[in-house]
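Asks: Sequence:
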Amino acid sequence: MPRLERPAPSVFNALLDPLGQRSAQRRTRRMEDPQAVAQDYLQYMLSDYEERRGQGHRNWRDLCPVYAFALTTHAADWPRGGEADTSGELAEHWDQMRGQSRLNWAQAQPVVEDAWRALDHIPAAAVRPLLQ
Numbered sequence: 362m363p364r365l366e367r368p369a370p371s372v373f374n375a376l377l378d379p380l381g382q383r384s385a386q387r388r389t390r391r392m393e394d395p396q397a398v399a400q401d402y403l404q405y406m407l408s409d410y411e412e413r414r415g416q417g418h419r420n421w422r423d424l425c426p427v428y429a430f431a432l433t434t435h436a437a438d439w440p441r442g443g444e445a446d447t448s449g450e451l452a453e454h455w456d457q458m459r460g461q462s463r464l465n466w467a468q469a470q471p472v473v474e475d476a477w478r479a480l481d482h483i484p485a486a487a488v489r490p491l492l493q
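Residue numbers (the numbering used here): 362 to 493.
Simulated from the structure, these hints should not be mistaken for laboratory data. All values reported here derive from a predicted model rather than from experimental measurement. Beta carbons: idealized from backbone N, C-alpha and C, even for Gly. Worth double-checking, as some hints may not be accurate.
[As the list claims (entries may be wrong)] The following label-pair restraints were derived from C-beta to C-beta distances: (1) R414 <-> D446: 25 to 35 Å; (2) A486 <-> R463: 14 to 24 Å; (3) Q470 <-> R414: 16 to 26 Å; (4) E412 <-> D446: 25 to 35 Å; (5) A485 <-> P440: 15 to 25 Å; (6) R441 <-> Q468: 31 to 41 Å; (7) G449 <-> G415: 27 to 37 Å.
Input sequences plus hints: build the corresponding full structure.
Replies: Structure (structure tokens):
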């Protein structure tokens, strides 16, 4: 089983909604630089969260642990795919790391997979500081 690094607690705080009061300001800043999402995992998280929140499906307390889980499993180079063994191990680790998220693995898995795809295109040097 790969060793998982812990995500930086200052970045992944499920109790602080990053889009709370300033969502219009952040949306404007992001529109100025459309490539920011592809180069920065924090920008990806905010953009993805804003989209999912806009659809009325999720809140930050549920999604923040999913983004942190995606980051740590991607950094540990976990195998991907629909194999039952891999999916079962990931589900087991999700149950251990989910914190206060109310999402079960079936709900979290698509968000994790989307985040993995984003992380595939973000330079490792930009991701490394987010891990302790």
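Asks: Work down the list of hints and note, for each, if the structure agrees.
Replies: Hints, one by one, checked against the model:
1. Judged by the Cβ atoms, the range 25 to 35 Å given for R414 and D446 holds: they are separated by roughly 33 Å.
2. Distance hint check: the CB atoms of A486 and R463 are about 34 Å apart, inconsistent with the given range 14 to 24 Å.
3. In this structure the hint that Q470 and R414 lie 16 to 26 Å apart at CB holds, the actual value being about 19 Å.
4. Restraint check, E412 to D446: a C-beta distance of roughly 32 Å satisfies the suggested window 25 to 35 Å.
5. A hinted range of 15 to 25 Å holds for the C-beta pair A485 and P440, which are about 18 Å apart.
6. Judged by the Cβ atoms, the range 31 to 41 Å given for R441 and Q468 is violated: they are separated by roughly 18 Å.
7. For G449 paired with G415, a C-beta distance near 32 Å keeps the hint of 27 to 37 Å intact.
The structure shown violates the earlier hints numbered 2, 6.
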